[in-house]
Amino acid sequence: MKQFSKKSRPPVIWLGTNTCAGDMLSLLNSLEPGYQSLITDLIDFRFNYLLGSAEGDTATGVLKAVTEEQRGKYILVIEGTIPTRTNGLYCVVGNRDGKPLTALQAVRELGGGARHVVAAGTCASFGGPYAAAPNPSESVPVQAVLDRKVINVPGCPINPDWMMGTLVHLVQYGEPELDGFNRPKIFYGDTIHDICQRRAYFEDGIFAEKPGDPWCMYKIGCKGPVTYADCPNRQWSGEHLSWPVKANTPCIGCTSPEFPDGDAPFFEHLPDINLPGIKISANRFARLAGAATAFGISIHLIGSILTGRVADTIKKDFSGGISRKLLSIIKNTDGKRYGGKN
Amino acid sequence: MKLRQRVSLLIRGKKPRHSGTARLLHWLYAPAVLGSALSGFYIHWPGSSLGFRKMNTARETHFFAQFTLLFTYIARVMYGLKGKNYREILPNRKTLSDMAKFLKYEFYLTDKEPKFPKYNPGQKVLFTGMVLFVLIQIITGLSLYFPKSWQKTAKLVGGLNPLRKLHFLSALTISILVTGHLYFVFTHEYKKMKSIFTGYE
Numbered sequence: 001m002k003q004f005s006k007k008s009r010p011p012v013i014w015l016g017t018n019t020c021a022g023d024m025l026s027l028l029n030s031l032e033p034g035y036q037s038l039i040t041d042l043i044d045f046r047f048n049y050l051l052g053s054a055e056g057d058t059a060t061g062v063l064k065a066v067t068e069e070q071r072g073k074y075i076l077v078i079e080g081t082i083p084t085r086t087n088g089l090y091c092v093v094g095n096r097d098g099k100p101l102t103a104l105q106a107v108r109e110l111g112g113g114a115r116h117v118v119a120a121g122t123c124a125s126f127g128g129p130y131a132a133a134p135n136p137s138e139s140v141p142v143q144a145v146l147d148r149k150v151i152n153v154p155g156c157p158i159n160p161d162w163m164m165g166t167l168v169h170l171v172q173y174g175e176p177e178l179d180g181f182n183r184p185k186i187f188y189g190d191t192i193h194d195i196c197q198r199r200a201y202f203e204d205g206i207f208a209e210k211p212g213d214p215w216c217m218y219k220i221g222c223k224g225p226v227t228y229a230d231c232p233n234r235q236w237s238g239e240h241l242s243w244p245v246k247a248n249t250p251c252i253g254c255t256s257p258e259f260p261d262g263d264a265p266f267f268e269h270l271p272d273i274n275l276p277g278i279k280i281s282a283n284r285f286a287r288l289a290g291a292a293t294a295f296g297i298s299i300h301l302i303g304s305i306l307t308g309r310v311a312d313t314i315k316k317d318f319s320g321g322i323s324r325k326l327l328s329i330i331k332n333t334d335g336k337r338y339g340g341k342n
Numbered sequence: 001m002k003l004r005q006r007v008s009l010l011i012r013g014k015k016p017r018h019s020g021t022a023r024l025l026h027w028l029y030a031p032a033v034l035g036s037a038l039s040g041f042y043i044h045w046p047g048s049s050l051g052f053r054k055m056n057t058a059r060e061t062h063f064f065a066q067f068t069l070l071f072t073y074i075a076r077v078m079y080g081l082k083g084k085n086y087r088e089i090l091p092n093r094k095t096l097s098d099m100a101k102f103l104k105y106e107f108y109l110t111d112k113e114p115k116f117p118k119y120n121p122g123q124k125v126l127f128t129g130m131v132l133f134v135l136i137q138i139i140t141g142l143s144l145y146f147p148k149s150w151q152k153t154a155k156l157v158g159g160l161n162p163l164r165k166l167h168f169l170s171a172l173t174i175s176i177l178v179t180g181h182l183y184f185v186f187t188h189e190y191k192k193m194k195s196i197f198t199g200y201e
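Chains as they are written, first to last, in the working numbering: chain A, 1 to 342; chain B, 1 to 201.
Hints listed in this document are in silico derivations from the structure and should not be mistaken for laboratory results.
Mixed in with the good hints, there may be bad ones.
Quick list of simulated restraints, FRET-style, between CB atoms [claimed, not checked]: (1) A:265 x B:135: 25 to 31 angstroms; (2) B:113 x A:274: 37 to 43 angstroms; (3) B:26 x A:316: 56 to 62 angstroms; (4) B:19 x A:316: 51 to 57 angstroms; (5) A:288 x B:111: 42 to 48 angstroms; (6) A:199 x B:114: 54 to 60 angstroms; (7) A:199 x B:15: 23 to 29 angstroms; (8) B:156 x A:40: 30 to 36 angstroms; (9) B:178 x A:199: 44 to 50 angstroms; (10) A:197 x B:92: 55 to 61 angstroms; (11) A:178 x B:178: 40 to 46 angstroms; (12) B:158 x A:172: 32 to 38 angstroms; (13) A:289 x B:92: 45 to 51 angstroms; (14) B:84 x A:274: 55 to 61 angstroms.
Fair warning: this is a prediction, and the values are worked out from it, not measured in the lab.
No residue lacks a Cβ here, since even glycine has one placed at the ideal position from N, Cα and C.
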């Protein structure tokens, strides 16, 4: 087991809001360091929505105590979106003084005094599936309700290393270098496409036609070229055994801010196009646009031929033999009626 | 004289229409647009129908075509601003009233062909559309080519997937505009088509 330095373990609050709990469960799969090492050597878990046994005022009392006693010292990790509809009542994280404590209220109270705020998973980072259309709870990501920097660790779910590594970095070295979406560059610094083991197949044009084929997944909608994550190198999960493309299925881009509404359907190269009342695939839209263009041009050309405009153009701009030949072709097509006009 | 009439399309006219610089730039960005479109649509949907056998060839073509387009676009915009010939292209208030006459003729509601200065309202809209959509292509294309350093553009539209969709839709619009341009070139006034080669109509 890797030994950490003797720095005092910072208190950590792991708050679950509108979430499937997948990110916490994924973290529990971490092997190096493992969960035991995490809680004994690295951090001091004061509150964890999934693993804690306390409830009611006992549980929420811990939140209050940490906020008051450890101000500026604790790390707040939030897993899930924050519903804002009806003042946040679509997610209650506990009861306090006989009243429901909403996720919105808890995140705002705890977020202000935290040393670092970390959004665990794509829902907390960018909205993800819990803020997907029609979003009846009007859920938003953590950053939308806090007026301070939030470190985003997206993934659906997160790779255990991404969260563990971020926590280790925060405790040992401070804030990691972040990209434009506040994701740690150590885990989200390259696109999956750039470090994919099947990149050579892409360059050579050897593509999978269906899931299960052992080639480049680009043609069946792989989002690797537009997704930042180190899945090809790190692999999943705690044992680092495999990852989607290695399992012959395309990357669905779960670490991207637009996931899932903005990159679905997962087996299409481009997201769907939303027109008023209609949702249409990009390829179908392109085919329809091409057909409409061809149709419009054909109709106009037929009109130009029938009204003698094409013949006029040829007669006006050509002289001699070429003109006569072209005109004879058009006259044969149009008949005497329009040929006579010129 | 008779021979001259027979090959009139190949002979330089008397009325100047396009300067040498405008023609040079036109014949640089025309193949660049074509190359970008063909390689771009191949990259979007790899298949053998667009003349590429390997993704790498398509990407290299796209690379050269896109940077040729970028530099010729900048040069054409600068040339248009310096010589003030952008006024011939950009639609103005008169274009709106002219458009009604133009459309009336193009939809066969009248036989009387309206006369316009250098460009008709349809051309003005088409060329202005090209200027705008090529600019969108350049911004979205560079953001996709340099995704790390241009991350703010991706953030502006909500991520790389929406950015890629925007790039595709813009390419589609440019392809439609180019198709319309070619259609009118080959069916309307050959002496004007001639001028893009010789400079005179």
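Taking the hints in turn, this is what the structure says about them:
For the hinted restraint 25 to 31 angstroms between residue 265 (chain A) and residue 135 (chain B), the CB-CB distance of approximately 30 angstroms keeps it satisfied. For the pair residue 113 (chain B) and residue 274 (chain A), the supplied restraint of 37 to 43 angstroms holds, since their beta-carbon distance comes to about 41 angstroms. Hint check: residue 26 (chain B) to residue 316 (chain A), Cβ distance near 24 angstroms, so the stated range 56 to 62 angstroms is violated. Distance hint check: the CB atoms of residue 19 (chain B) and residue 316 (chain A) are about 25 angstroms apart, inconsistent with the given range 51 to 57 angstroms.
Taking 42 to 48 angstroms as the suggested C-beta distance range, the pair residue 288 (chain A) and residue 111 (chain B) does not conform, at roughly 33 angstroms. Our hint of 54 to 60 angstroms for residue 199 (chain A) and residue 114 (chain B) holds, since their Cβ atoms are close to 57 angstroms apart. The beta-carbon spacing between residue 199 (chain A) and residue 15 (chain B), approximately 56 angstroms, falls outside the hinted interval of 23 to 29 angstroms. The given range of 30 to 36 angstroms is broken by residue 156 (chain B) and residue 40 (chain A), whose C-beta atoms sit roughly 44 angstroms from each other.
Evaluation of the 44 to 50 angstroms hint for residue 178 (chain B) and residue 199 (chain A) yields a failure: the beta carbon distance comes to about 33 angstroms. Remark: the range hint 55 to 61 angstroms for residue 197 (chain A) to residue 92 (chain B) is upheld by a beta-carbon distance near 57 angstroms. Range check, residue 178 (chain A) to residue 178 (chain B): about 42 angstroms between beta-carbon atoms, so the 40 to 46 angstroms window is met. Remark: the range hint 32 to 38 angstroms for residue 158 (chain B) to residue 172 (chain A) is upheld by a beta-carbon distance near 34 angstroms.
For the pair residue 289 (chain A) and residue 92 (chain B), the beta carbons lie near 29 angstroms from each other, so the given range of 45 to 51 angstroms is not met. For the hinted restraint 55 to 61 angstroms between residue 84 (chain B) and residue 274 (chain A), the CB-CB distance of approximately 41 angstroms leaves it violated.
When the structure is compared with the earlier hints, violations turn up for hints 3, 4, 5, 7, 8, 9, 13, 14 and for no others.
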